[in-house]
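Student: Sequence:
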Amino acid sequence: SCSECGQQFNNKRSLQSHMADHSAVLKYFACEECGKSFDKKSHLSKHMRVHTGEKPFSCDLCGQSFSIKSTLNSHIRIHTGEKPFGCDVCGHKFSIKSSLSKHIWIHTGEKPYSCDVCGHKFRAKSALNMHTKTHTGDRPFSCPDCGKCFNRKDYLNKHMKCHTGEKPYGCDVCEQRFRVKSKLNRHMKIHTGEKPFSCEVCEQKFRVKSSLNRHIRVHTGDKPFSCDFCERKFRNKSTLNNHIRIHAGEKAFICDVCEQKFRLKSTLKSHMRVHTGDKPFICDVCGQRFIGKSALNRHMAIHTGDKPFGCDVCGKRFSENSHLNCHMRIHTGDRPFSCDVCEQRFRFKSNLNRHVKSHTGERPFGCEVCGRRFFQKSALNGHMTIHRRDKPFGCDVCSRRFTAKPALRNHMRIHT
Numbered sequence: 001s002c003s004e005c006g007q008q009f010n011n012k013r014s015l016q017s018h019m020a021d022h023s024a025v026l027k028y029f030a031c032e033e034c035g036k037s038f039d040k041k042s043h044l045s046k047h048m049r050v051h052t053g054e055k056p057f058s059c060d061l062c063g064q065s066f067s068i069k070s071t072l073n074s075h076i077r078i079h080t081g082e083k084p085f086g087c088d089v090c091g092h093k094f095s096i097k098s099s100l101s102k103h104i105w106i107h108t109g110e111k112p113y114s115c116d117v118c119g120h121k122f123r124a125k126s127a128l129n130m131h132t133k134t135h136t137g138d139r140p141f142s143c144p145d146c147g148k149c150f151n152r153k154d155y156l157n158k159h160m161k162c163h164t165g166e167k168p169y170g171c172d173v174c175e176q177r178f179r180v181k182s183k184l185n186r187h188m189k190i191h192t193g194e195k196p197f198s199c200e201v202c203e204q205k206f207r208v209k210s211s212l213n214r215h216i217r218v219h220t221g222d223k224p225f226s227c228d229f230c231e232r233k234f235r236n237k238s239t240l241n242n243h244i245r246i247h248a249g250e251k252a253f254i255c256d257v258c259e260q261k262f263r264l265k266s267t268l269k270s271h272m273r274v275h276t277g278d279k280p281f282i283c284d285v286c287g288q289r290f291i292g293k294s295a296l297n298r299h300m301a302i303h304t305g306d307k308p309f310g311c312d313v314c315g316k317r318f319s320e321n322s323h324l325n326c327h328m329r330i331h332t333g334d335r336p337f338s339c340d341v342c343e344q345r346f347r348f349k350s351n352l353n354r355h356v357k358s359h360t361g362e363r364p365f366g367c368e369v370c371g372r373r374f375f376q377k378s379a380l381n382g383h384m385t386i387h388r389r390d391k392p393f394g395c396d397v398c399s400r401r402f403t404a405k406p407a408l409r410n411h412m413r414i415h416t
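The numbering of the sequence shown is the UniProt record's numbering, which starts it at 1 and goes up by one.
Hints listed in this document are in silico derivations from the structure and should not be mistaken for laboratory results.
Where is the CB? At the ideal position from N, CA and C, for every residue including glycine.
Careful, some of the hints might be misleading.
What the hints assert, rightly or not - Straight-line C-alpha distance at most 30 Å; calculated BS3-like pairs for lysine-lysine:
(1) 349 to 279
(2) 195 to 209
(3) 133 to 237
(4) 307 to 357
(5) 279 to 183
(6) 69 to 55
What the hints assert, rightly or not - Between beta-carbon pairs, the in silico distance windows are:
(7) 371 to 193: 29 to 37 Å
(8) 222 to 368: 53 to 61 Å
(9) 83 to 117: 34 to 42 Å
(10) 222 to 137: 21 to 29 Å
Generate coordinates for the entire structure from the input sequences, incorporating the hints supplied.
Tutor: Shown next, in the form of structure tokens:
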């Protein structure tokens, strides 16, 4: 046993090594490669493996090699599942002590590593190192397929699944699959209804912390992301990225069915429902189903009668701002959509799309009765009245009835 502190040892060599810690004069062993000093020769020997690359300790189960025996012992626990280090606060268990030490900082709030550039603090040195690359612009990991670069290897690995189509993480409830485990974890909260993150201002709850952080900017008015082209500012990085594509003209997301291109991934997802027929958004009032949330919101104005957007010229009101913007072109005479073939201009994109079919000869709408085809759905609907026996449109003056509304309008000129 040690005469200084009473610590017990199995052999004399260990005791002698320990006694050096109490000695007033320590022997320092310096590394000839990098100059780092050690108080024990055995520590220097271990350190030298950093320079030589020697890894004498190998795992019998998977063959992975290590430079230090203790690292091998920690690795073995991956195979055995042993987690001997437990947190006294929450009971969470870890296979290595250093992981427990870092975990403890979650409870204490300690963040010992700070960025020299912006002062941002981190719990782990590795997190600081990754953050530093945002200032240096260093992105050493590049995708061999598309050349996109990343500042972290795990980001590259996640990105590679876009090319392989691999989705290894599946939901046990609905069988939806994900490329990244974190997205599966987020998705699972949809089924559990769990929303652990709440806003202190309005008490709105969120499934993930990042959504809460973005929401907070609604109250603070903070817009930290600015466009280098037009200096417009945005609350979220994703919104800025989507905006940048307007300047670049980039449409990176392509439909596998019809090859239509989209600037936003969310728009592509919504578009895919046109092909699948999926209508996940249901009106609580009448039960009508819709492809997108925005279409449902527009529909709800029918039930509520809400028309908050008014025209300053004629006073006509609209349920959506986009409808008001389209309406204003009647007053301004603006026709922003032009035909590439004949240069005819149109107020609305839908009118241009219909017009283009006159050049291509495309007639996508066919009559199921006689096979006649039409450029527009409205023309097909008008044609279908020929096959219909009923005449739903009646003249208020002479009671004559018609199969189509345009025919009634033509007839009304007789009376006027």
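Student: Indicate, hint by hint, whether the structure satisfies it.
Tutor: Checked hints:
A C-alpha spacing of about 24 Å is found between residue 349 and residue 279, which places the hinted pair at or below 30 Å, so the restraint holds. Between the alpha carbons of residue 195 and residue 209 the distance comes to roughly 10 Å, so the proposed pair stays at or under 30 Å and holds. Our distance criterion of 30 Å between C-alpha atoms is met by residue 133 and residue 237, whose separation comes to about 17 Å. Distance restraint check for residue 307 and residue 357: the Cα-Cα separation of roughly 34 Å exceeds the 30 Å cut-off, and the hinted pair is therefore not satisfied.
Taken as a hint, the residue 279 and residue 183 pair is honoured in the structure, with Cα atoms around 23 Å apart against an allowance of 30 Å. Restraint check for residue 69 and residue 55: the C-alpha separation of about 9 Å stays at or below 30 Å, so the hint holds. Roughly 52 Å separates the CB atoms of residue 371 and residue 193, a value that falls outside the hinted 29 to 37 Å. Remark: the range hint 53 to 61 Å for residue 222 to residue 368 is upheld by a beta-carbon distance near 56 Å.
For residue 83 and residue 117, the hinted distance range of 34 to 42 Å is satisfied, since their beta carbons lie about 37 Å from each other. With their beta carbons about 24 Å apart, residue 222 and residue 137 fall inside the hinted range of 21 to 29 Å.
Consistency with the previously given hints fails for numbers 4, 7, ordered from lowest to highest.
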